[in-house]
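Enquirer: As a plain string of letters, each chain reads:
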Amino acid sequence: MNFEGQQILWVQTLWGVLHLLISSVVVMLLMMISVAFFIVIERKGLGMVQLRQGPNKVSVKGILQAVADGVKLFKKEVSFPVCLSHFTFALGPVICFFCAYSLYLVFPNSFGSNRFELGVLFFLCISSFSVYGVFLVGWLCDSRYAFLGAMRAIAQSISYEVFLSTVLFTSFLFVGSYDVFQGRSNEFFTSVFSLGLLMLWFIAALAETNRAPFDFVEGESELVAGYMVEYGGGGFALLALAEYSNIMFMSMMTGVMFFNSGMSSFLFGDIIFSVWVVFISYLFVLVRGTMPRYRYDLLMDLCWKILLPLSLGMFVLGAVICC
Amino acid sequence: MGVSLMNEGLFFLCFVLVLSIGLMLVSMVLGQRVRRNRDKLVAFECGFDPMSSSRTPFSFRFFVLALLFLIFDVEVVMIIAFCYSLKTVFLSLSSMTVLYFFLFFFILLLGLVHEANEGSLDW
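Just so you know, the sequences run in chain order C and Z.
Start counting the first sequence at 1; every next residue gets the next number (UniProt numbering).
Start counting the second sequence at 1; every next residue gets the next number (UniProt numbering).
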């Protein structure tokens, strides 16, 4: 290869890398901003549910509260427990954050630079892997509260994962592929069957993200802050961002799976999609504001004895309907 | 092209990984100096000194639960292929295949009932 050919190759490579970098930066920036605003919305919504105002001092009506909190958290001192090295202490939040945000690889927008054909499987893999992050966070720092919180979180999420994936596959049975974008542009669902499936899915989403009424991980009166009790400052910021990003992703999947009418068009469909995502995320907040906490043994019974057989039955029924 | 080696998804994953490590490092660099203090080094237990290590034997139920999870996760793996092929090649599948599928689910439900009977699902 001559010199000019090499030069052209270099330029092409640089251009490609730049393209990838810009698309990644834009996706991450937008997701982090939206998660920050979601945190504000949650605090505002919980305030409204309880007839109080929520945060309203920072900037206009407290809109920038999450940004201010973030800056504050990153400035806090990072204190390490004596029993472990800095590296292992920092590893847990990093894994949690990575798992939560790498999910946005399958985010189905029409402007995306890449399209992941097995996005649903990727989602399942990553959500299984995020258990390791929780485990590292809770188990490594030699604290009883954190240990109990992590154990509860792991047992809860692996129990509900089987149920969740069965419901997920039942829904994608009608799509016939594991491409999330195809799920978005596939308009089929407005039957009684899908309504039942939606209820099951929403329960699974609430339990999988450890949200109220299934928030046993940080039952405030019992375990203080669950598995993240030893973390403050930056580690806590990463864990909180990961948690809320998971909720956003779950509501996105709900929108894709059940409310996809009108989402197949190019720009208008994107707008409808975003509105649904915001609405369903807000539904998570409302559920937290209204439901009392469940009981842990009942939660496990509910999963293994009621919901799992029900979802398996739903899958068979869906297969019959589909063929 | 050189870019084709660099998968777009892989690039995004690497980017997120670098970002998360970077955020952690930033918090360590920007954070205030730690004032060393004995109470900050031990685990938090609502103001009490921890009596013993938290690495104690733990409830066996969680272990049984993890085993059950393994079994049912295999079931999920079986479903993956079925779900993918149903819309596309189902018509060409023989009726025996459908029968096997329902048999599979029947056995699975039977296993679940057995476990519930046995009491390994009781919490």
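None of these hints come from the bench; they were simulated from the model.
Do not rely on the hints blindly, as some may be mistaken.
Just so you have them, the derived chain Z footprint on chain C, three or more residues with Cβ under 8 Å [unchecked claim]:
# : segment
1 : 48 to 57
2 : 165 to 178
3 : 227 to 240
Lysine-lysine pairs mimicking DSS-like chemistry, simulated, CA-CA at most 25 Å apart [as the list claims (entries may be wrong)]:
#  : chain 1 : residue 1 : chain 2 : residue 2
4  : C       : Lys72     : C       : Lys61
5  : Z       : Lys40     : C       : Lys75
6  : C       : Lys44     : C       : Lys57
7  : C       : Lys75     : C       : Lys61
8  : C       : Lys76     : Z       : Lys40
9  : C       : Lys72     : C       : Lys44
10 : C       : Lys61     : C       : Lys44
11 : C       : Lys72     : C       : Lys57
12 : Z       : Lys40     : C       : Lys72
Even glycine gets a Cβ: it sits at the ideal position worked out from N, Cα and C.
Enquirer: A separate judgement is required for each hint: does it hold in the structure or not?
Expert: The hints, checked one at a time:
no., hint, in the structure
1, 48 to 57, "violated (count 0)"
2, 165 to 178, "holds (count 10)"
3, 227 to 240, "holds (count 7)"
4, C/Lys72 <-> C/Lys61, "holds (19 Å)"
5, Z/Lys40 <-> C/Lys75, "holds (17 Å)"
6, C/Lys44 <-> C/Lys57, "holds (12 Å)"
7, C/Lys75 <-> C/Lys61, "holds (24 Å)"
8, C/Lys76 <-> Z/Lys40, "holds (14 Å)"
9, C/Lys72 <-> C/Lys44, "holds (19 Å)"
10, C/Lys61 <-> C/Lys44, "holds (10 Å)"
11, C/Lys72 <-> C/Lys57, "holds (15 Å)"
12, Z/Lys40 <-> C/Lys72, "holds (20 Å)"
In the structure shown, a violation is registered for the earlier hint numbered 1 alone.
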